[in-house]
Amino acid sequence: MTDINGAVPAIAKALQKRGYETLTPVQQAMLDPALVTADALVSAQTGSGKTVAFGIAMAPTLLEDRDSFGRAGAPLALVIAPTRELAMQVKRELDWLYAEAGAVITSCVGGMDIRNERRALERGAHIVVGTPGRICDHIRRNALDMSEVRVAVLDEADEMLDLGFREDLEFILESAPDERRTLMFSATVPAAIAKLAKSYQRDAVRISTQAEQKQHVDIDYRALLVTPSDRENAIVNVLRYYEAPNAIVFCSTRAAVNHLHSRLSNRNFSVVALSGELTQNERTHALQAMRDGRARVCIATDVAARGIDLPGLELVIHADLPTNSETLLHRSGRTGRAGRKGVSALIVPVTQRRKAERLLFGAKVEPTWANPPSADEVTVRDEERLFADPIFTEVTTNEDEQALIAKLTERFDAERLASAFVALYRGKNSAPEDVSVVSLEARKPRDGSQGDPASRPLTPRGDFGPAVWFSLSVGRKQRAEPRWLIPTICKSGDLSKNEIGAIKMQADETFVEIAEAHADKFMAKLGKDKTMERGIRVTRLDGAPDFSKFSRGTDDEGFTKREGPRMDKPWKDKPFKDGPKKDGFRKDKPYAKDGPRGDKAFGDKPYREKASGDAPRKDWKPKGEKPSAERRMDDDVWGEKPKGDFAKKSGDKPFDDKPFKKKAFGDKPFAKADGDKPFKKKPAAKGGFDKRK
Numbered sequence: 003m004t005d006i007n008g009a010v011p012a013i014a015k016a017l018q019k020r021g022y023e024t025l026t027p028v029q030q031a032m033l034d035p036a037l038v039t040a041d042a043l044v045s046a047q048t049g050s051g052k053t054v055a056f057g058i059a060m061a062p063t064l065l066e067d068r069d070s071f072g073r074a075g076a077p078l079a080l081v082i083a084p085t086r087e088l089a090m091q092v093k094r095e096l097d098w099l100y101a102e103a104g105a106v107i108t109s110c111v112g113g114m115d116i117r118n119e120r121r122a123l124e125r126g127a128h129i130v131v132g133t134p135g136r137i138c139d140h141i142r143r144n145a146l147d148m149s150e151v152r153v154a155v156l157d158e159a160d161e162m163l164d165l166g167f168r169e170d171l172e173f174i175l176e177s178a179p180d181e182r183r184t185l186m187f188s189a190t191v192p193a194a195i196a197k198l199a200k201s202y203q204r205d206a207v208r209i210s211t212q213a214e215q216k217q218h219v220d221i222d223y224r225a226l227l228v229t230p231s232d233r234e235n236a237i238v239n240v241l242r243y244y245e246a247p248n249a250i251v252f253c254s255t256r257a258a259v260n261h262l263h264s265r266l267s268n269r270n271f272s273v274v275a276l277s278g279e280l281t282q283n284e285r286t287h288a289l290q291a292m293r294d295g296r297a298r299v300c301i302a303t304d305v306a307a308r309g310i311d312l313p314g315l316e317l318v319i320h321a322d323l324p325t326n327s328e329t330l331l332h333r334s335g336r337t338g339r340a341g342r343k344g345v346s347a348l349i350v351p352v353t354q355r356r357k358a359e360r361l362l363f364g365a366k367v368e369p370t371w372a373n374p375p376s377a378d379e380v381t382v383r384d385e386e387r388l389f390a391d392p393i394f395t396e397v398t399t400n401e402d403e404q405a406l407i408a409k410l411t412e413r414f415d416a417e418r419l420a421s422a423f424v425a426l427y428r429g430k431n432s433a434p435e436d437v438s439v440v441s442l443e444a445r446k447p448r449d450g451s452q453g454d455p456a457s458r459p460l461t462p463r464g465d466f467g468p469a470v471w472f473s474l475s476v477g478r479k480q481r482a483e484p485r486w487l488i489p490t491i492c493k494s495g496d497l498s499k500n501e502i503g504a505i506k507m508q509a510d511e512t513f514v515e516i517a518e519a520h521a522d523k524f525m526a527k528l529g530k531d532k533t534m535e536r537g538i539r540v541t542r543l544d545g546a547p548d549f550s551k552f553s554r555g556t557d558d559e560g561f562t563k564r565e566g567p568r569m570d571k572p573w574k575d576k577p578f579k580d581g582p583k584k585d586g587f588r589k590d591k592p593y594a595k596d597g598p599r600g601d602k603a604f605g606d607k608p609y610r611e612k613a614s615g616d617a618p619r620k621d622w623k624p625k626g627e628k629p630s631a632e633r634r635m636d637d638d639v640w641g642e643k644p645k646g647d648f649a650k651k652s653g654d655k656p657f658d659d660k661p662f663k664k665k666a667f668g669d670k671p672f673a674k675a676d677g678d679k680p681f682k683k684k685p686a687a688k689g690g691f692d693k694r695k
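When we follow my numbering, the leftmost residue of the sequence shown carries the number 3, and every step to the right adds one.
Among the hints, erroneous ones may be present.
Straight line, CA to CA, 25 Å or less: simulated BS3-like cross-link-like pairs of lysine-lysine [unchecked claim]: (1) 499 to 532; (2) 493 to 506; (3) 527 to 493; (4) 523 to 430; (5) 506 to 532; (6) 479 to 357.
Calculated directly from the structure, the hints in this document are not laboratory data.
Taking the hints into account, I'd like the entire structure generated from these sequences.
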């Protein structure tokens, strides 16, 4: 850091009153005389004091040789930020920084009353701070006069492009005078930012501070490995272990924010939520509650917490892993700001360890891998804080309190008073949770490559040693999977992952190898019924199971078969090559045109034309040809109405010419067989049916 005397007098005075004695590297870089009239593209890590930096950079252009501003009219400077919270935060910083210069600063952000903003712009302002969308609205409605703008600042430019504000930014910059200065500040400078700078800046000076080369030196990164079921318990213990004045917990979705907010509220934490579904008024009150001490924990999504600066923020918890390394750095950058120390704790489920390693490797940070604080560790920290509490060193001089103390010591002994004090002290905090101990040994990579920790070769586990086999009454048919079976075994038997060896999963049972030294403890933990969660029965085996009967084999006929619990019989009785069954189709059997069709085996002979005298089916005839009048009725297409009389065949009678609808139901059977008697007709008076005419 460097002395502040190089700043404009009014700005230097404000910094001194604020308690600044030295400047950060990015702030000092803004004092370079070569930047007084030049554009700049500045990249610096989050929390390095960029707001004060561009405030210092704007001052020479806005004040020139004067000590203070004149009467406010059209804005002289425009500062654009990606979110409402960040814009309001920038305004607060510029308020005290330009207080000695008498600057009038107004905000134009979404979610606020646009009429009040319009009236403030009509009264005049020296500096306008706002979000891209709202600034565009004021420009289009001629409420914001851009003709006098001398400096345009884009704060968190990379984030604005990620949020889709490119068109708004281009519209704003094109509305400003061409001779303006354009200052772009960003944590990173991707290709999109470089392209935007090339389009709207003139010979911009590229500034990259030394602190950018080493990310977040004041932040202690800790990767806490947990089972998926212990994720929320781990968050509770981390909050209780550090007891930070302010902490922020990042979630990936709004639903996750609401769920965790409800959970922590029920656990007696003073907590607020910050997500995009909240109104601007609700978000402002949430942040104000964090600043004035009414809340200590803020649960937020990435977009809602972008760029916010909370005093005393010493702890950042990643309840859900970020999507990329840049987001990880931005989240973690909420703490460890301006030389203060902070902790960034990643809650890493064992199933997402590789993803966490890739994120950390891409962010170029080396974390400390550990288990989350246990309940005992939280209790020890509570005792340390208790003995270090200033209440024991402060002397009470109030006479009323002295009188009460005398009454208490007279009525109760020291042990009783200490017990009551401890109960009151612990009652204000949430009780810690029990969390499972997870092995920190990473899995061995498949390719054994070097470099990325996600593919870094690890020390092999080696021989498992003496072990005992157990049979579990669950298998593939019951959808058993190692990802939930291993945690169930660890939890039910009070084991760690290192004490579980091979797992052989079959159709209806699973064989598990457990270290011999822990086998008796495992069985004792299961109780008399020897049952784990989900009703899984556990049986101890005398030796290693015979896996040969569960493997695939080949029967005598050459067909693959499976023995054991899945299938007791071979898949085929006999191979097809041995010939047909007794009544099956034989090629040498002639096609019999006589006899009923049902006497022939299905599929014995392919279709072919019938014997002479038989008419082919309709669908065999060429298109357009009429069906033969001599075909049998069973060859007709269903629903086709016959035309004309059919040719008589021996023993057949022609159909009755009368339509069926003119006959009374039951008057006459359709076909008169030998020995059948006709139906009797009864008079209508006796309940019979009348003939229909």
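For this session: Could you grab the alpha-carbon distance between residue 493 and residue 506 and see if it respects the 25 Å cut-off?
Result: OK: residue 493 and residue 506 at ~20 Å, within 25 Å.
Exercise. Between residue 523 and residue 430, does the CA-CA distance stay at or below 25 Å?
Worked result: 37 Å, violated
For this session: Compare the distance between the alpha carbons of residue 527 and residue 493 with 25 Å, and conclude whether the hinted pair is satisfied.
Result: 10 Å, holds
Problem set entry | Distance restraint between residue 506 and residue 532, which requires alpha-carbon spacing of 25 Å or less | 20 Å, holds
Problem set entry | Holds or violated: residue 479 to residue 357, with C-alpha atoms at most 25 Å apart | Not satisfied, since the Cα-Cα distance of roughly 31 Å exceeds 25 Å.
Exercise. Does the alpha-carbon distance linking residue 499 and residue 532 stay inside the 25 Å limit?
Worked result: Given pair residue 499, residue 532 holds - Cα atoms ~20 Å apart, limit 25 Å.
Checked against the numbered hints above, the structure violates hints 4, 6; every other hint is satisfied.
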